[in-house]
Each structure stands twice: as C-alpha cells, then as structure tokens.
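J.: Now for the letters of each chain:
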Amino acid sequence: MADGEFESALNAAAIKYIDGATGIAGLQRLTAGASQETWAFDAQTGESAIPLILRRSPGGVPESEAKAATQRNEARVIQICFEHGVKAPEVMFSLKPEDGLGVGYVMARIDGETLAPRILRDDTYADARPKLAGQCGEILAPIHAVPREKVDFLEEITPQDHWQNTWEAYEKYFLEWSPSPVFDYAFAWLKERVPARDRVTLVHGDFRNGNLIYGPEGVRAVLDWEIAHIGDPMEDLAWICVNSWRFGNIDRPVGGFGEREQMFEGYERASGIKVDPDRVKYWEIFGSLRWGVTCRGMAFTHLTGHDRSVERPAIGRRSSECEADLMILLGGADAS
Amino acid sequence: MRPDRPTAEELLEAVEEFLRERAIPELQGQSSFHARVAANVVGAVRREIAESAPIEADQHRRLLALLKHDGDVETLNRELCEQIRAGQWDLADADLLYHLRQVAIENLGVDNPRYSAYKRLTGQG
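One line per chain: the protein sequences are A and B, in this order. Here the first sequence is numbered in this note's numbering, starting from 1 and rising by one per residue. Here the second sequence is numbered in this note's numbering, starting from 1 and rising by one per residue.
You may find that some hints are simply not true.
[Stated by the list, open to error] The list that follows gives simulated cross-link-like pairs (lysine-lysine, DSBU-like), each with its CA atoms no further than 35 Å apart:
{"hint": "1", "chain 1": "A", "residue 1": "K67", "chain 2": "B", "residue 2": "K119"}
{"hint": "2", "chain 1": "A", "residue 1": "K191", "chain 2": "A", "residue 2": "K67"}
{"hint": "3", "chain 1": "B", "residue 1": "K119", "chain 2": "B", "residue 2": "K68"}
{"hint": "4", "chain 1": "A", "residue 1": "K274", "chain 2": "A", "residue 2": "K131"}
{"hint": "5", "chain 1": "A", "residue 1": "K96", "chain 2": "A", "residue 2": "K67"}
{"hint": "6", "chain 1": "A", "residue 1": "K274", "chain 2": "A", "residue 2": "K96"}
{"hint": "7", "chain 1": "A", "residue 1": "K16", "chain 2": "A", "residue 2": "K172"}
{"hint": "8", "chain 1": "A", "residue 1": "K67", "chain 2": "A", "residue 2": "K87"}
{"hint": "9", "chain 1": "A", "residue 1": "K131", "chain 2": "A", "residue 2": "K16"}
{"hint": "10", "chain 1": "A", "residue 1": "K191", "chain 2": "A", "residue 2": "K96"}
{"hint": "11", "chain 1": "B", "residue 1": "K119", "chain 2": "A", "residue 2": "K172"}
{"hint": "12", "chain 1": "A", "residue 1": "K150", "chain 2": "A", "residue 2": "K87"}
{"hint": "13", "chain 1": "A", "residue 1": "K274", "chain 2": "B", "residue 2": "K68"}
{"hint": "14", "chain 1": "A", "residue 1": "K16", "chain 2": "A", "residue 2": "K87"}
{"hint": "15", "chain 1": "A", "residue 1": "K131", "chain 2": "B", "residue 2": "K119"}
{"hint": "16", "chain 1": "B", "residue 1": "K68", "chain 2": "A", "residue 2": "K16"}
{"hint": "17", "chain 1": "B", "residue 1": "K68", "chain 2": "A", "residue 2": "K172"}
{"hint": "18", "chain 1": "A", "residue 1": "K191", "chain 2": "A", "residue 2": "K172"}
Honestly, the hints are just simulated from the structure, not real lab data.
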C-alpha cells in the first residue's frame with residue numbers, strides 16, 4: 001500500500017475508534033523490524049493530541065496465521081494487564097479487516113527512554129538507578145497475579161518444554177554445523193535440574209532492558225509482550241539478570257543497575273510470595289543458554305535464507321558471549 | 001598463509017580503520033549502525049586469522065588429554081560434545097571444566113574481547 005493510502009486509512013481508523021478524534025498528525029515510522037512494524041502518531045481531538053503507537057505485521061500482512069494469532073494475542077494480553085494494574089500501555093483499538101491496515105493494534109504512547117546505556121550512565125537517571133531493581137520486582141508481581149482464566153488463550157510452556165524447545169533449536173543450529181562443548185555442558189547441567197511445574201502464571205517472557213520504558217523517576221511501562229505465555233513466573237525475574245542485558249555493568253546483576261535481593265524484596269512485598277533464589281539462578285543459566293542458541297539461529301537465518309544483512313551473521317558470533325557467561329555461572333569463577 | 005605483504009591482517013586493519021575513522025562519521029541511522037557492526041566483524045576476522053593457529057594447537061593438546069586418543073580438532077570436539085550429551089562425563093570434572101573455560105575464553109577473545117565476561121574470565125576485571 002502506498003504511504004498516502006496507509007496514512008488515510010489510519011486517519012479513518014482513528015476517527016472511527018477514538019472518541020472525539022478528528023484526525024491524526026505526526027505519523028512517523030519508528031522501527032522496521034522483521035517481525036513487527038512500529039509507528040508513532042497523535043490522534044487529534046478538539047483540545048488536545050493523544051500520543052499513540054501502531055504495531056502491526058510488516059506491511060500489515062502476517063507471515064502466517066500463527067503470526068496473526070500472536071499479534072492478536074499480544075494486544076489482548078496488554079489490555080488485560082493494563083486492566084489488572086500492570087504498568088503496560090492502554091490498548092486503544094485492534095485493527096479490523098475492514099480498516100484496510102492489516103493485522104495490528106494501536107496503544108498509548110508512553111514518553112521515556114528505552115536505551116540501556118543511557119539509563120545506566122546518564123545523570124538524568126542517577127536518582128532512579130538505586131530504585132530500579134526494586135521497581136522491577138514490584139512491576140512483575142501484578143503480571144504474575146493476572147487470573148489464569150483471563151489469559152487462557154495463551155500457550156503454556158512448562159520448564160520441561162522450555163528445555164526441550166531450546167534443545168531442538170540447538171540441534172538445528174549447532175549439531176549440523178559445529179557443536180559447542182560449553183552449550184552441551186550447560187544442557188546436561190540444566191537437564192538434571194529442570195524445576196517442577198508448580199506455580200503456573202502469566203509470564204511476560206522478555207522482561208529486560210530494551211523492553212522497559214524509563215523516566216527520571218524510574219520504570220514507567222513494560223513493552224514487547226510478543227512472547228508472553230503461561231509458565232514459571234521466576235523466568236521473568238531471571239531474564240533481566242542475564243549478563244547480555246547488563247550492558248557492561250557485570251557486577252550489578254539486575255539489568256546492570258541493581259542487586260537481586262532488591263528485586264526479590266520488591267517482588268515479595270508486592271506479591272506476598274517468597275522468591276527461591278536457586279530457581280531464579282536456574283532460569284538465568286537457562287536464559288544465557290537460550291540467548292546463545294538464538295544468536296546462532298540468526299546467523300542460520302542469514303546463511304540459509306534470502307534476507308541478507310551484516311547484522312544477522314554478526315549476531316551469530318555473539319553466542320560466544322553466552323559461552324563465557326555460562327562458564328562464569330557454571331565454572332566456579334567469581335559470579336555476580 | 002601467503003608469505004607476502006601486506007598480510008591479510010594488515011589489509012583488514014586498514015579496512016577497519018577506514019570504517020571507523022572515515023565511513024562511520026559520515027553515515028547516519030541504520031547505515032551507521034550497520035557500518036559499526038561491519039567494523040566489529042572485520043576486527044573479529046582479523047583476530048581469528050592472528051590467533052587461530054595457536055588456539056587450535058592448544059585445543060588439540062587439551063582434547064587429546066581429555067579423550068586419550070588423537071584426531072583432528074573438529075572430530076575430537078564433536079566426540080567430546082557427544083560424550084557430555086550421553087552423560088559420560090562427571091560435570092564436576094576439573095579437567096573438563098578447565099577445557100570449557102578455555103574454549104569460552106578463546107572464542108570470545110576472537111569475537112568480542114571487550115565483553116564484560118571476557119575480562120572476568122581472564123582475571124582482568
């Protein structure tokens with residue numbers, strides 16, 4: 001669809017779905033991701049402008065019915081979380097086929113910073129930094145308290161499924177090329193320690209720097225609900241501790257800004273549920289392994305597909321960052 | 001490697017310098033980002049050329065000691081991975097852990113020695 005057609009279709013949709021909207025302004029493309037397109041714009045009403053974000057499949061056309069379902073589920077999860085007091089953006093409307101915009105949804109645009117190096121080093125966030133780990137715990141508690149029946153349209157991924165899925169990715173991306181003895185070791189170590197399926201809740205699935213919006217006062221909102229699922233809530237407390245998201249601040253395990261104990265305290269205060277640090281550690285090790293396998297998967301996509309770029313094969317070599325992280329976690333080096 | 005100057009390393013060094021000092025400052029947005037990725041890739045390839053022979057020799061020596069028979073590094077590595085997978089190794093084995101740690105250091109030393117875990121594993125930070 002031509003840009004002009006796209007803009008007028010979005011204009012019409014905004015008028016149709018948003019009370020008092022007379023049109024849109026300031027349409028700007030933010031990202032052109034392979035899986036999602038993100039646009040910023042304002043809906044104009046009589047006296048003010050409502051800042052909004054459109055997320056849709058690339059060109060509005062999902063790759064498959066499964067991707068379309070993911071996109072629809074994402075909007076539903078965000079809205080349900082918003083209604084249950086989670087710091088998530090309010091979903092204003094989902095696109096319908098007759099809107100001519102494809103599959104996607106429009107949500108509130110929350111002002112703030114997502115770039116981790118700025119959060120970790122700029123003076124603007126100096127006062128917030130010591131509070132961020134606690135806030136992360138507080139924000140996760142209501143996500144894990146969303147009633148199961150409200151999100152029963154999401155798939156459950158048990159701890160055993162996670163191990164198996166990542167193993168199958170490893171078989172595909174490594175075993176046919178070159179296996180990593182570090183990853184094989186980590187798989188063997190984790191296999192003996194897969195946690196029991198006991199507390200089962202909504203899991204954000206990608207709770208880390210890059211998907212959180214910060215202001216000078218702290219965390220404002222959680223974004224990117226694409227891989228939200230049902231599973232072990234401790235996955236979320238661990239993923240933000242994976243060294244890949246500490247951006248150089250290796251000695252501050254939570255996102256490069258805080259201590260695990262601060263996050264656990266915030267979580268326990270808000271949820272009334274005690275955190276088992278060993279289980280979080282399991283998921284952190286698992287997270288490093290999974291990210292390492294995912295990195296190689298990106299190179300695999302590059303080498304076996306048609307979508308060529310310098311970024312994907314380069315990310316493939318980042319799996320060695322995860323090998324080093326795993327050897328710190330498993331090999332008895334000083335870990336933090 | 002070809003016994004000639006400029007060497008492959010010297011050529012890659014020149015490409016990396018060009019990208020960092022000339023091209024990147026003139027580029028914007030996505031292209032600037034991709035040029036930085038490209039410069040990092042050139043750096044990794046340069047280190048791989050410089051370090052792969054001693055790394056391979058050392059890995060070969062360690063694998064020989066662990067598996068107690070000879071072979072090329074690729075085959076021996078595959079065999080070690082299969083043994084770990086099959087549960088044939090005590091995961092607390094100190095020699096095994098030493099080898100894995102060295103592999104991690106060797107790979108990351110080529111790919112991205114600026115990453116925080118590299119300094120931690122090599123005792124520099």
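J.: Compare the structure with each hint and give your call.
T.: Quick rundown of the hints versus the structure:
1. Of the pairs offered as hints, the one joining K67 (chain A) and K119 (chain B) is violated, with about 40 Å between alpha carbons and a cut-off of 35 Å exceeded.
2. With a C-alpha separation of about 30 Å, the suggested pairing of K191 (chain A) with K67 (chain A) holds against the 35 Å cut-off.
3. A hinted pair counts as satisfied when its Cα atoms are at most 35 Å apart, and K119 (chain B) with K68 (chain B) qualifies at roughly 32 Å.
4. Distance hint between K274 (chain A) and K131 (chain A) is fulfilled; the C-alpha atoms sit about 20 Å from each other, no more than 35 Å.
5. For the proposed pair K96 (chain A) and K67 (chain A), the alpha carbon gap of about 16 Å is at most 35 Å, so the pair holds.
6. Using a Cα cut-off of 35 Å, the hinted pair K274 (chain A) and K96 (chain A) is violated, with the two alpha carbons roughly 43 Å apart.
7. A hinted pair counts as satisfied when its Cα atoms are at most 35 Å apart, and K16 (chain A) with K172 (chain A) does not qualify at roughly 47 Å.
8. For a cut-off of 35 Å, the pair hint linking K67 (chain A) to K87 (chain A) stands: about 25 Å separates their Cα positions.
9. At roughly 41 Å between alpha-carbon atoms, K131 (chain A) and K16 (chain A) are farther apart than 35 Å, so this suggested pair is violated.
10. Only pairs whose Cα atoms come within 35 Å are accepted, and K191 (chain A) paired with K96 (chain A) is rejected, the gap being roughly 44 Å.
11. As the CA atoms of K119 (chain B) and K172 (chain A) are separated by approximately 31 Å, the hinted pair is consistent with the 35 Å bound.
12. Restraint check for K150 (chain A) and K87 (chain A): satisfied, since their Cα atoms lie roughly 17 Å apart, inside the 35 Å limit.
13. Restraint check for K274 (chain A) and K68 (chain B): not satisfied, since their Cα atoms lie roughly 48 Å apart, outside the 35 Å limit.
14. Our distance criterion of 35 Å between C-alpha atoms is met by K16 (chain A) and K87 (chain A), whose separation comes to about 27 Å.
15. A hinted pair counts as satisfied when its Cα atoms are at most 35 Å apart, and K131 (chain A) with K119 (chain B) qualifies at roughly 28 Å.
16. Only pairs whose Cα atoms come within 35 Å are accepted, and K68 (chain B) paired with K16 (chain A) is rejected, the gap being roughly 74 Å.
17. Under the criterion of a C-alpha separation no larger than 35 Å, the hint pairing K68 (chain B) with K172 (chain A) is consistent with the structure, at around 29 Å.
18. For the hint pairing K191 (chain A) with K172 (chain A), the CA-to-CA distance comes to about 19 Å; that is within 35 Å, so the pair holds.
Checked against the numbered hints given earlier, the structure breaks hints 1, 6, 7, 9, 10, 13, 16 and satisfies all the rest.
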